[in-house]
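Student: The chain contents come next:
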Amino acid sequence: MAVTKEDAWGVQARSQTTGSTHDENELRVAGFWVFLATDMILFACLFATYIVLRGNTDGGPGPRQLFDVTGFTEETFILLTSSFTCGLATHVMHEGRRRALVLWLSVTALLGLLFVGLEVSEFVRDVSVSATISRSGFLSGFFTLVGTHGCHVSLGILWMGSILFQVMRQGITPAIARKLTIVGLYWHFLDVVWVFLFTVVYLMGVM
Amino acid sequence: MLPHYWPTLVTGDPLIYGADASIGLVSIAIVFVLTYYKKWGWLWREWLTTVDHKKIGILYLIAALLMLFRGGVDALLMRTQLSRPNLHFLAADHYDQIFTTHGTIMILFVAMPLIFAMFNIVVPLQIGARDVAYPYLNAISFWMFFFGALLLNISFVIGGSPDAGWVSYAPLTENQFDHGPGENFYIMALQITGIGSMATGINFIITILRMRAPGMTLMRMPLFTWSALAASIVVIYAFPALTVALGLLLIDRVAGAHFFSMDHGGNPMMYANLFWIWGHPEVYIVILPAFGVLNEVFPAFSGKRIFGYSTMVASFMAITILSFLLWAHHFFTMGAGPGVNAFFALASMAIGIPTGVKVFNWMFTMYRGRVRMPMPMRWAVGFIPNFVVGGATGVMLATAPGDYQYHNSYFLIAHFHQVLIGGTIYGMFAGMYFWWPKMFGFLLEERIGRLAFWLWNVGFYVTFFPQYLLGLMGMTRRIYTYPAGMGWSSLNLLSTVGAVIMGLGFLFIVWNILYSVMHRSELRDVTGDPWNARSLEWSLPSPAPHYNFAVIPTITRRDEWWEIKKYGRTEDYRPQPGEIQDIHMPNNSGRPFLFSVAFFVVGLGFVFEWYAVVILGFAGVLAIMLHRSQEVDDGHQIPADEIRHEEIALGRL
Amino acid sequence: MSSHAATHGGHQESGNGHGGGFTPVERRFPWLHVVGYVLSLLLTVLAFLAVLHHWLSGNPLVTVIMVLAVLQIVVQLFFFMHFTEGHGPKYHILALGFALFFTVAFVGGSIWIMSFGDTQAY
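Protein chains in written order, with the working numbering: chain A, 1 to 207; chain B, 1 to 653; chain C, 1 to 122.
None of these hints come from the bench; they were simulated from the model.
Values in this document were obtained by computation on a predicted structure and should not be read as measured data.
Incorrect hints may appear among the rest.
Restraint ranges, calculated between C-beta atoms of paired labels, are given here [stated by the list, open to error]:
hint, chain 1, residue 1, chain 2, residue 2, range
1, C, L46, A, L103, 54 to 64 Å
2, B, F360, A, G55, 29 to 39 Å
3, C, V45, B, M219, 47 to 57 Å
4, B, R477, C, H53, 49 to 59 Å
5, B, G635, A, L110, 46 to 56 Å
6, A, L110, B, L626, 47 to 57 Å
7, C, W31, B, A612, 50 to 60 Å
8, B, G635, A, L103, 27 to 37 Å
9, B, R644, C, V35, 33 to 43 Å
10, C, V45, B, L626, 55 to 65 Å
11, C, H53, A, L103, 35 to 45 Å
12, B, A612, A, G55, 51 to 61 Å
13, B, R652, C, V35, 56 to 66 Å
14, B, Y611, C, L46, 57 to 67 Å
To spell it out: a stretch of chain A is covered by chain B in this simulated footprint if at least three of its residues, at any positions, have a beta carbon under 8 Å from a beta carbon of chain B; those stretches are [as the list claims (entries may be wrong)]:
hint, stretch
15, 43-53
16, 125-138
17, 198-204
Glycine is no exception: its CB is placed at the ideal position from the N, C-alpha and C atoms.
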């Protein structure tokens with residue numbers, strides 16, 4: 001290897017600054033994308049389990065008996081709308097509109113709450129007809145897959161609440177903007193997961 | 001309100017009482033020493049709250065060596081039990097518990113912390129960064145690992161150890177067959193430590209991709225850093241599968257679900273499937289960094305650059321992808337049919353190709369080099385024959401029809417010990433000897449080190465070669481004793497003798513460390529580059545200052561430091577007073593420690609099915625997260641003057 | 001490929017962590033989001049109608065609704081998550097690409113492997 005450019009070590013190598021050259025907010029958004037990739041694998045494994053166990057109803061209620069078309073239709077449209085309002089929250093955040101941000105973020109969290117409420121009532125209804133998690137392999141898979149998504153949504157609501165509180169106290173700072181970007185990514189990601197839940201679990205269940 | 005498994009908490013076994021008493025005594029002694037020397041504040045400020053990657057690396061290393069001791073004692077107990085036919089040194093249920101904790105500890109609490117120790121100590125220094133991308137998260141990772149390990153280890157003294165093998169296969173681990181908290185300990189310990197591992201994976205991917213010094217393109221990165229990137233990629237895509245497998249098993253056990261049960265539509269083989277989606281990549285997670293260490297050690301001690309840098313990178317990436325596509329070879333005998341078995345057999349054999357490329361590259365690196373043989377190089381050279389034999393027996397096992405003959409036999413046991421000890425442990429020991437001066441500022445003594453190496457190496461072959469034969473003679477794994485007249489007796493005795501020699505080797509390594517600590521003034525590394533090595537970490541003093549680089553270097557080629565030395569420009573490479581500016585560093589925090597304590601409480605709650613405790617633990621987790629979210633600035637500036645003073649004290653200005 | 005902080009474009013997704021203030025962008029109507037929302041509703045309704053009105057059945061129907069679901073990912077990624085925007089090298093695209101590949105491998109592989117009870121090919 002011919003190394004002749006001795007000057008390469010010289011002035012050039014000295015010219016750069018020493019402070020933190022990395023934008024920490026940007027780094028964290030990048031890391032969150034990687035986290036979403038891991039969460040995707042988590043759901044992939046739950047989907048795989050559900051699909052493998054789907055037919056194992058052990059003589060108990062199956063998808064056709066349990067799934068209520070109006071119920072999961074409502075849940076789907078509520079979550080799609082909340083993904084839209086969450087996008088609007090990020091949009092107005094970029095414009096620096098604090099009041100609009102608080103509004104859209106609250107609407108998103110409330111829609112999320114409504115979604116979780118509907119899901120809980122669906123679960124309660126299932127359990128009331130003795131379709132419990134310990135009834136069959138199919139129901140174990142169903143409750144765990146849908147429930148894991150529901151837990152994610154619930155956590156997202158708490159998270160949004162915490163950010164809402166910070167927005168009201170501190171206004172829109174770069175750190176808050178980063179947190180909102182991240183919670184937004186999380187929320188849209190959960191919407192994507194729901195689309196697959198709705199397709200693979202519910203639509204294929206009643207088809 | 002006594003739980004239903006109360007009787008298992010008080011076993012009446014003298015072995016356990018002895019362990020209880022000694023653990024109690026050691027704990028009291030530690031508390032006494034810390035109080036007497038007034039070290040509590042030091043421990044909290046310098047270690048428990050640290051976010052410095054170098055200190056976290058050292059913590060991982062210490063924890064791994066302690067766990068290696070525990071796992072090694074387990075191994076010696078098993079070998080003692082198997083040394084003669086019809087022995088009753090251990091009862092059958094004891095034997096079950098010991099092989100379970102041995103496997104679990106060695107993989108999750110020895111191999112994993114060893115590789116994370118190396119990542120933490122080396123990667124930021126090699127890429128010219130001041131810390132990892134998320135130092136706070138890095139501390140969380142360590143403490144989650146630590147408290148996961150603690151949870152598994154306390155199962156020995158309260159509640160009973162898990163006893164269904166390190167794979168914890170269903171349906172044996174379902175509540176109806178394995179009642180009691182032992183398996184819950186296993187599940188929760190692995191879940192907690194798994195969260196930490198996943199965070200480490202994300203942390204190092206972003207660190208390596210985004211924190212490199214200017215000019216260090218991907219293809220100029222040192223190969224250890226490449227291996228850390230590859231292993232981190234495998235971590236983040238593999239660990240979620242473990243989380244799911246264990247989570248579903250826990251739901252089966254505590255909520256009566258039917259994922260993996262024999263009845264009501266459960267499917268036990270789905271557990272094996274999910275477990276090995278993680279489990280197979282896991283073995284590549286622990287071997288890739290060992291490859292990485294060798295990629296640093298061979299060029300350094302051959303006085304040559306690595307042979308075939310780009311093929312090394314390509315083979316890392318090939319192994320990364322392929323490692324995910326061969327999990328079913330762990331259950332060929334399930335009967336999935338020729339299509340499935342053929343695919344996974346071929347994929348398993350294919351991964352031998354990139355691995356073979358590496359072995360040839362290492363040998364060509366030594367070929368015609370000026371080879372020196374200090375301790376790191378000994379372990380590295382010892383690695384090669386081990387790994388070649390381990391790889392060859394691996395291909396034998398990957399042959400699906402052949403696997404019907406030797407699956408679950410001692411042939412398999414010998415194979416995976418050959419690659420895990422001969423591969424991962426040898427590689428990590430090479431790394432430990434290599435980077436020890438960079439961690440502590442002094443070298444490990446050679447003479448005792450050599451003795452330790454030879455004891456370990458001889459012991460290793462004496463232990464495991466008889467096991468290949470035993471496997472072919474029909475001895476299956478996980479049997480606690482065997483009758484005389486099977487023709488297994490003398491080979492088993494030989495294997496036990498080997499295990500004792502390996503145990504001696506471990507003691508010599510401990511002695512090596514203690515001796516070197518006591519004679520550290522003679523062994524001091526004053527140059528910062530004791531091996532005349534090639535990458536950036538050796539341009540720093542040993543140990544590196546807490547901010548690592550006073551001035552971040554600009555990289556112009558591979559093996560930058562080597563080239564600089566070659567052209568005699570090392571003086572220019574030191575920081576100039578005028579260039580030193582304020583440095584922004586992250587603050588220490590006690591929250592990662594407390595966060596992990598809260599998760600430990602959650603774990604205990606699930607183990608004993610005390611849901612109030614679970615809720616309490618989660619409340620703690622949430623409270624700490626909320627507290628963290630209110631923090632506006634978590635860093636501090638080190639003034640340029642202070643850095644100038646430190647650099648002068650280090651003799652670099 | 002240096003690791004310097006990228007300069008910020010129109011989208012102020014993340015400001016400088018230290019000292020830098022937050023600079024808002026100009027106000028404009030969120031067309032992208034509205035279009036994304038309409039598309040996502042459209043795709044959902046299509047999937048519904050396809051299933052409830054039995055436009056197809058069996059495997060073709062499964063294929064159609066899976067394709068619609070994949071299109072939903074595309075909508076969320078590009079209209080809401082601004083997948084290709086952002087600063088610095090776009091490693092997150094690679095990360096999600098890998099995740100997608102392994103998702104297909106794990107789900108498909110599991111279904112294939114675990115179908116052993118149905119076929120008994122040996």
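Student: Each hint should be assessed against the structure and marked as holding or not.
Tutor: How the hints compare with the structure:
1. L46(C) x L103(A): 54 to 64 Å: At roughly 31 Å between Cβ atoms, L103(A) and L46(C) fall outside 54 to 64 Å, so the hint is violated.
2. F360(B) x G55(A): 29 to 39 Å: violated (49 Å)
3. V45(C) x M219(B): 47 to 57 Å: holds (49 Å)
4. R477(B) x H53(C): 49 to 59 Å: holds (57 Å)
5. G635(B) x L110(A): 46 to 56 Å: About 36 Å separates the Cβ atoms of G635(B) and L110(A), which means 46 to 56 Å is violated.
6. L110(A) x L626(B): 47 to 57 Å: violated (21 Å)
7. W31(C) x A612(B): 50 to 60 Å: Hint holds: Cβ distance 52 Å, inside 50 to 60 Å.
8. G635(B) x L103(A): 27 to 37 Å: Once the Cβ atoms are compared, 33 Å apart, the range 27 to 37 Å for L103(A) and G635(B) holds.
9. R644(B) x V35(C): 33 to 43 Å: violated (57 Å)
10. V45(C) x L626(B): 55 to 65 Å: Given range 55 to 65 Å: violated, Cβ gap about 40 Å.
11. H53(C) x L103(A): 35 to 45 Å: Given range 35 to 45 Å: holds, Cβ gap about 38 Å.
12. A612(B) x G55(A): 51 to 61 Å: violated (38 Å)
13. R652(B) x V35(C): 56 to 66 Å: holds (58 Å)
14. Y611(B) x L46(C): 57 to 67 Å: violated (44 Å)
15. 43-53: Answer holds; 7 residues pass the 8 Å Cβ test.
16. 125-138: holds (count 6)
17. 198-204: violated (count 0)
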